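Please model the entire structure based on the sequences and the hints provided.
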Amino acid sequence: MQFMKTVIWDFNGTILDDLDLCLNVEKEMLRRRHMFADYTREDYQKLFCFPVINYYYKIGYTFENETYEDISVEFNDLYDAGFDTCTLVDGFEELIEQSIRNGNRNVILSASRHDALIDQCHKLHIAHYFDEILGIDNALAFSKIQMAEKWMANSDVTPEECVYIGDTVHDKETADALGIKDCILVACGHQSYDVLKEKCENVVHSLREVKL
Numbered sequence: 040m041q042f043m044k045t046v047i048w049d050f051n052g053t054i055l056d057d058l059d060l061c062l063n064v065e066k067e068m069l070r071r072r073h074m075f076a077d078y079t080r081e082d083y084q085k086l087f088c089f090p091v092i093n094y095y096y097k098i099g100y101t102f103e104n105e106t107y108e109d110i111s112v113e114f115n116d117l118y119d120a121g122f123d124t125c126t127l128v129d130g131f132e133e134l135i136e137q138s139i140r141n142g143n144r145n146v147i148l149s150a151s152r153h154d155a156l157i158d159q160c161h162k163l164h165i166a167h168y169f170d171e172i173l174g175i176d177n178a179l180a181f182s183k184i185q186m187a188e189k190w191m192a193n194s195d196v197t198p199e200e201c202v203y204i205g206d207t208v209h210d211k212e213t214a215d216a217l218g219i220k221d222c223i224l225v226a227c228g229h230q231s232y233d234v235l236k237e238k239c240e241n242v243v244h245s246l247r248e249v250k251l
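In our numbering, the protein residues as written are 40 to 251.
Just so you know, not all the hints are guaranteed correct.
[To be verified] Derived DMTMM-like pairs (lysine to aspartate or glutamate); straight-line CA-CA distance at most 20 Å:
#1 189 / 171
#2 220 / 176
#3 66 / 123
#4 44 / 133
#5 189 / 212
#6 85 / 109
#7 44 / 67
#8 44 / 136
#9 44 / 195
#10 97 / 109
#11 236 / 119
#12 162 / 200
#13 85 / 56
#14 250 / 176
#15 44 / 176
#16 66 / 56
#17 97 / 188
#18 162 / 56
#19 85 / 105
#20 162 / 133
#21 220 / 200
#22 85 / 108
#23 97 / 123
#24 44 / 233
#25 162 / 123
#26 97 / 113
#27 162 / 59
#28 236 / 109
#29 97 / 59
#30 238 / 221
[As the list claims (entries may be wrong)] So the derived label-pair ranges between C-beta atoms look like this:
#31 161 / 129: 15 to 23 Å
#32 129 / 236: 14 to 22 Å
#33 59 / 164: 38 to 46 Å
#34 74 / 127: 28 to 36 Å
#35 85 / 193: 21 to 29 Å
#36 102 / 133: 19 to 27 Å
#37 154 / 126: 15 to 23 Å
#38 63 / 158: 44 to 52 Å
In case anyone wonders, no lab produced these hints; they're calculated from the structure.
Please read these numbers as outputs of a predicted model, since none were measured by experiment.
Cβ coordinates follow ideal geometry from the N, Cα and C atoms, glycine included.
Shown next as structure tokens:
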């Protein structure tokens, strides 16, 4: 099938509105350790970053008595338990349906665990929208760029035909690594408008501002 262009979608914070779940999980983990936990959504959006271990350092973890792997497992367990509280980002379904009508290929590229990502897409009833759904094989969120580069090298996709939609600076970094110039960051997810605007010219507040 000949596609007009390829739209690469980040998942968490771009398609899935999981900001409140992530914030609540982080606060619960901090309270368990008797650490400061009174963070707001705005605090989270200013502090969150990749690699994720750097975010944990920002909010007070030292990893002297537990490993990053331990923290990640605990986070994933709590996240999975609360997943059903999440919804789709406002405007997503209208936008991807527009993209499909316009003859685009749609691909999810996510730092989420691949098996969990597939399961979540089916739970949300959105798997049928996508030509490919790509997640990483480990849960530590280290290798999104490497996964993206491998996918690009093995596909018939060229950077010039791609649009990349994400919600973090790491999405802009991934787009840059792939040579994709058309990158749109949406400030309704895990990083604030101001944080995103420092690294990307094309930042919007809502998916409803995006045209594909």
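query: Hints broken by the structure, by number, lowest first?
result: 2, 6, 7, 11, 12, 14, 15, 17, 19, 22, 23, 24, 28, 33, 35, 36, 38
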